[in-house]
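*Asks:* Each chain is listed here by its residues.
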Amino acid sequence: MKLVAQELTIAADPAVVYRLLTDPAEFVRWMADEAVLDPRPGGVIRWTHANGDTCAGAFVELVPDRRVVFSYGWERPEVGIPPGSTTVEIDLHPTDDGRTRLRLVHHGLDEPMAGAHDGGWRHYLDRLRRLATGDAPGADPFATTRVPTPAELRTP
Amino acid sequence: MTDPSDAALRAIAHPARRAMLRLVWDTERQASDLADATGLTRPAASQHLKQLREAGLMTVRVDANRRLYRADVAQMAQLASFLDAFWAAPLQRLQSAAERRTESGGAS
Chain C
2 MKLVAQELTI AADPAVVYRL LTDPAEFVRW MADEAVLDPR PGGVIRWTHA NGDTCAGAFV
62 ELVPDRRVVF SYGWERPEVG IPPGSTTVEI DLHPTDDGRT RLRLVHHGLD EPMAGAHDGG
122 WRHYLDRLRR LATGDAPGAD PFATTRVPTP AELRTP
Chain U
518 MTDPSDAALR AIAHPARRAM LRLVWDTERQ ASDLADATGL TRPAASQHLK QLREAGLMTV
578 RVDANRRLYR ADVAQMAQLA SFLDAFWAAP LQRLQSAAER RTESGGAS
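Line by line, the protein sequences are chains C and U.
First residue of the first sequence? That's 2 in the numbering used here, and the numbers climb one at a time after it.
First residue of the second sequence? That's 518 in the numbering used here, and the numbers climb one at a time after it.
Just so you know, these hints were derived from the structure itself, not from any lab.
As the structure is a computational prediction, the values presented were derived from the model and not from experiment.
It is possible that part of the hints are untrue.
A few chain C positions that, by computed beta-carbon distances, are all more than 12 Å from chain U [claimed, not checked]:
1. Leu9
2. Asp14
3. Ala26
4. Arg30
5. Asp34
6. Asn52
7. Thr55
8. Val106
9. Pro113
10. Ala115
11. Gly121
12. Ala140
13. Asp141
14. Arg147
DEER-style ranges, computed between Cβ atoms [claimed, not checked]:
15. C:Ala140 / U:Val590: 15 to 23 Å
16. U:Ala602 / C:Asp111: 40 to 48 Å
17. U:Glu571 / C:Gly99: 48 to 56 Å
18. U:Ala524 / C:Arg104: 18 to 26 Å
19. U:Arg578 / C:Leu154: 44 to 52 Å
Using N, Cα and C, we set each Cβ at its ideal position, and we do this for glycine too.
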């Protein structure tokens, strides 16, 4: 197992960032083409990119404006991360100057998928940051590329 | 008249992308609908959608929990008038040349 962990500061209130993580109408502006989010423990979290790949899991823990935890995996079996088989924890801390410190930890991934997710989360959290600060992230360059499979990542 | 971009001309130079434009000419559709209607895989359809968007021929908007695609008819109209004018000038010259020959009795 390899932990994927990222931190970034977003020039917006934690309440704004929390909404982008839990409101499907906001979620499709930075992450996916379509999203079903039922933000309560046990509720569905499922999103589909333009390329057809669908990520699915369930919300585990929600603390308004502070913390979102959900299980995570891909419906396409070749990706090798079954729906709900890994866990994403996102914590939001207000900074003294009114910004948000976001920390994401993704548990349960092995290499080479951990490396791929490190890059993926960096890309999507940057889009989240831009949307939260009023800078429309626009078309997603990753949306046309399917999630790689471990076999594809091992091929030089 | 403004020349359309090379990207716009390349975008219409593929039957799948023309089919997609027809499908969203006066209605909005999701990427999944466009893939199904054109018989393409979702990854392939998404590549074509990306090219159409980058060429400015397709727009996208968020409706509730999904993104909807639609042809940008103003951009398409500009492209159409460019193509009309592109052919109009050579056709005009052909007509003039043909008429000159006719006037001179066909011998030249």
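*Asks:* If a hint holds in the structure, say so; if it doesn't, say that too.
*Replies:* Results for each hint:
1. Leu9: 24 Å, holds
2. Asp14: 21 Å, holds
3. Ala26: Given a closest Cβ separation of 6 Å, the condition is violated.
4. Arg30: 6 Å, violated
5. Asp34: 5 Å, violated
6. Asn52: Violated: least Cβ distance 4 Å, not greater than 12 Å.
7. Thr55: 10 Å, violated
8. Val106: Check passes; 26 Å lies beyond 12 Å.
9. Pro113: 20 Å, holds
10. Ala115: 23 Å, holds
11. Gly121: Gly121 of chain C clear of chain U: closest Cβ-Cβ about 16 Å, beyond 12 Å.
12. Ala140: Violated, because the least Cβ-Cβ distance between Ala140 of chain C and chain U comes to about 5 Å, which does not exceed 12 Å.
13. Asp141: Since the minimum Cβ distance to chain U is about 9 Å, Asp141 of chain C lies within 12 Å and the statement is violated.
14. Arg147: 5 Å, violated
15. C:Ala140 / U:Val590: 15 to 23 Å: 19 Å, holds
16. U:Ala602 / C:Asp111: 40 to 48 Å: 59 Å, violated
17. U:Glu571 / C:Gly99: 48 to 56 Å: 36 Å, violated
18. U:Ala524 / C:Arg104: 18 to 26 Å: At 40 Å between Cβs, range violated.
19. U:Arg578 / C:Leu154: 44 to 52 Å: 34 Å, violated
Of the numbered hints listed earlier, those contradicted by the structure are 3, 4, 5, 6, 7, 12, 13, 14, 16, 17, 18, 19.
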